[in-house]
Amino acid sequence: MSKNKKIPLGVVYSTNPEFEYAFEEKEAVATLPANQQNLKVLLDKKARAGKQVTLITGFVGSDDDLEALGKKLKNLCGCGGSVKDGEAILQGDFREKVLNWLLQQGYKAKKVG
Numbered sequence: 006m007s008k009n010k011k012i013p014l015g016v017v018y019s020t021n022p023e024f025e026y027a028f029e030e031k032e033a034v035a036t037l038p039a040n041q042q043n044l045k046v047l048l049d050k051k052a053r054a055g056k057q058v059t060l061i062t063g064f065v066g067s068d069d070d071l072e073a074l075g076k077k078l079k080n081l082c083g084c085g086g087s088v089k090d091g092e093a094i095l096q097g098d099f100r101e102k103v104l105n106w107l108l109q110q111g112y113k114a115k116k117v118g
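Our numbering puts the last residue of the sequence shown at 118; the count rises by one with no breaks.
Honestly, the hints are just simulated from the structure, not real lab data.
Keep in mind that the hints are not guaranteed to be accurate.
Below, a list of computed lysine-lysine pairs in the BS3-like style, where the Cα atoms sit at most 30 Å apart [claimed, not checked]:
1. Lys51 with Lys115
2. Lys79 with Lys115
3. Lys56 with Lys79
4. Lys113 with Lys89
5. Lys113 with Lys56
6. Lys77 with Lys115
7. Lys102 with Lys56
8. Lys116 with Lys56
9. Lys45 with Lys77
10. Lys56 with Lys115
11. Lys89 with Lys115
12. Lys115 with Lys76
13. Lys102 with Lys115
14. Lys79 with Lys116
15. Lys45 with Lys115
Using the sequences and the hints given, assemble the complete structure.
Here is the structure:
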């Protein structure tokens, strides 16, 4: 479902011409500054047909900010990847490169595993 679609709560139909639907409002998550983020960089190949991926987990903030971080990391490494479920996924083993870049940008990051 699209991010921009509003889902009405409760009422399906009303005969009242002045009735207005009540929409669910999502709370905006404030993105923490880089020096307060505790990111974990790890290598994973479970349920990926033996392919290695670099996972960056622990990001606290909005999905748009995580998407931007994921895009920067994919450009840095020259690889594909995605951002799902609060994790940035890079195709391949780029732990050292990603860790060094995150530390240079002021993030608190550590290699796990």
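Going down the list of hints, with the structure as the test:
1. At most 30 Å may separate the alpha-carbon atoms for a hinted pair to count; Lys51 and Lys115 meet this at roughly 21 Å.
2. Restraint check for Lys79 and Lys115: satisfied, since their Cα atoms lie roughly 19 Å apart, inside the 30 Å limit.
3. As the CA atoms of Lys56 and Lys79 are separated by approximately 17 Å, the hinted pair is consistent with the 30 Å bound.
4. With a C-alpha separation of about 21 Å, the suggested pair Lys113 and Lys89 falls inside the 30 Å cut-off, and the hint holds.
5. For a cut-off of 30 Å, the pair hint linking Lys113 to Lys56 stands: about 27 Å separates their Cα positions.
6. About 18 Å separates the Cα atoms of Lys77 and Lys115, which keeps this hinted pair within 30 Å; it holds.
7. Among the hinted pairs, Lys102 with Lys56 is consistent with the structure: their alpha-carbon atoms are about 18 Å apart, no more than 30 Å.
8. For the proposed pair Lys116 and Lys56, the alpha carbon gap of about 19 Å is at most 30 Å, so the pair holds.
9. With a C-alpha separation of about 17 Å, the suggested pair Lys45 and Lys77 falls inside the 30 Å cut-off, and the hint holds.
10. Taken as a hint, the Lys56 and Lys115 pair is honoured in the structure, with Cα atoms around 22 Å apart against an allowance of 30 Å.
11. Of the supplied pair hints, the one linking Lys89 and Lys115 holds, its CA atoms being roughly 20 Å apart against a limit of 30 Å.
12. Restraint check: the Cα-Cα separation between Lys115 and Lys76 comes to about 20 Å, which is no more than 30 Å; the hinted pair holds.
13. The hinted pair formed by Lys102 and Lys115 meets the criterion: a straight-line CA distance of about 12 Å does not exceed 30 Å.
14. For the hint pairing Lys79 with Lys116, the CA-to-CA distance comes to about 18 Å; that is within 30 Å, so the pair holds.
15. With a C-alpha separation of about 5 Å, the suggested pairing of Lys45 with Lys115 holds against the 30 Å cut-off.
The earlier numbered hints are all upheld by this structure, with none contradicted.
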